[in-house]
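Engineer: Residue numbers (this note's numbering): 1 to 337.
Note that these hints are calculated values from the structure, not bench results. Mixed in with the good hints there might be a few duds.
Per label pair, the in silico range of CB-to-CB distance [stated by the list, open to error]:
(1) 24 to 131: 13 to 21 Å
(2) 133 to 23: 13 to 21 Å
(3) 278 to 83: 18 to 26 Å
(4) 179 to 24: 37 to 45 Å
Simulated pairs of lysine to any residue, SDA-like, Cα-Cα distance not exceeding 20 Å [unchecked claim]:
(5) 165 to 183
(6) 291 to 272
(7) 94 to 61
(8) 165 to 182
From the three backbone atoms N, C-alpha and C, an ideal C-beta is built for every residue, glycine too.
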Amino acid sequence: MTLTSLLVCADASAVEVLSRILVDLGIGVEHCSDPSAAALRLAAQHFDAILLDCDDQQSAIELIALARKEHSNKTTLFIAMVDARNQVRDLFSKGVNFIVYKPISTERASSSLRAAKGLLRRERRRNKRIPLHAKVSLSYGAVENSPATLVDLSQDGIALQSEIKVPINSKVYLQFSVPGHASHVRLSGEAAWQDASGRVGIRFADVPQTSRHALKEWLKARHSEAALQDANKPEGLGLLRLGADVYRVGSSVPHRCSLSDIGTGGCYVETTEPFAAGTAVEIVVRTHELKLRVRGTVQTMHTGFGMGVQFSLNTSEERVKVEQLIAWQTLQPEIPV
């Protein structure tokens with residue numbers, strides 16, 4: 001399924017540049033000239049990414065808040081177009097994931113959007129529902145241990161087939177098993193929807209640690225299979241994992257990690273203990289041919305999985321080293337570190 005984006009911008013030249021880059025990256029793009037028109041689109045459709053001109057910062061922030069209220073766009077990646085760096089911290093706190101600085105140019109925007117595409121692919125894999133047929137014990141209100149059938153599963157929720165009607169927004173309790181794990185998964189959630197065929201969507205609420213571990217391990221294995229399939233497709237980014245150390249800026253404590261989806265604009269840092277969005281980090285990579293030390297900012301964080309980092313390339317030398325690393329990596333079947 002093609003990645004989709006909504007471009008909210010009144011600047012015709014910027015729209016032309018960004019639309020061309022998005023299409024070249026294989027991302028579908030739709031355009032709205034102002035936030036009010038975009039709000040109507042968001043109420044009716046899901047977008048993987050929204051590129052938002054922040055000339056009117058208050059209107060932009062209101063649109064972000066509106067999108068986050070829509071269940072279909074809760075995980076949408078927001079890319080803000082800004083004039084000044086002093087806008088950035090406030091926008092990050094309001095839910096922006098990536099920044100593109102004005103004036104918009106092909107070179108400047110391409111590197112950021114390539115890195116953003118890596119995060120979009122990962123976010124889609126992370127939230128992808130994995131088909132799984134299993135028996136489920138369903139309880140809510142006065143109903144106890146009603147039999148149901150698990151249809152598909154994701155990190156945040158589950159779809160199941162039930163012969164009884166489950167009240168929307170009711171708290172439910174589930175028990176089921178996933179392949180390869182002897183213990184049952186037990187958790188509570190909230191009924192989000194139910195269709196005429198009896199299929200019910202449940203959003204997870206309280207997941208005990210043991211059950212969370214079982215779900216995480218099973219989903220991780222399924223996502224790894226999907227990632228291997230993606231790795232066989234030419235995407236224009238370094239898809240192989242690269243060992244590295246990541247530091248909080250100002251700290252001397254290294255955190256071992258793996259880098260993937262590496263582009264000139266940023267990368268994805270795979271670690272079980274990611275830092276919060278907005279954290280300034282320094283990434284150190286050592287290979288036999290070169291050593292790279294680059295700073296950046298965490299754009300988005302996935303608990304237990306990793307974080308997307310946008311590079312801060314302040315000199316041409318830093319940019320050249322990143323490009324050399326990408327070129328070198330594409331020649332390696334696997335990178336020993």
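Engineer: Against each hint, give a clear statement of whether it holds in the structure.
Structural biologist: Tested hints:
1. 24 to 131: 13 to 21 Å: Hint violated: Cβ distance 33 Å, outside 13 to 21 Å.
2. 133 to 23: 13 to 21 Å: 39 Å, violated
3. 278 to 83: 18 to 26 Å: 20 Å, holds
4. 179 to 24: 37 to 45 Å: Roughly 40 Å apart at Cβ, these two residues keep to the hinted range, so it holds.
5. 165 to 183: Judged against 20 Å, a Cα distance of about 28 Å means the pair is violated.
6. 291 to 272: Roughly 24 Å separates the two Cα atoms, so the pair is violated.
7. 94 to 61: This hinted pair holds, its Cα atoms lying about 7 Å apart.
8. 165 to 182: 30 Å, violated
Hints 1, 2, 5, 6 and 8, counting from the list given before, are not met by this structure.
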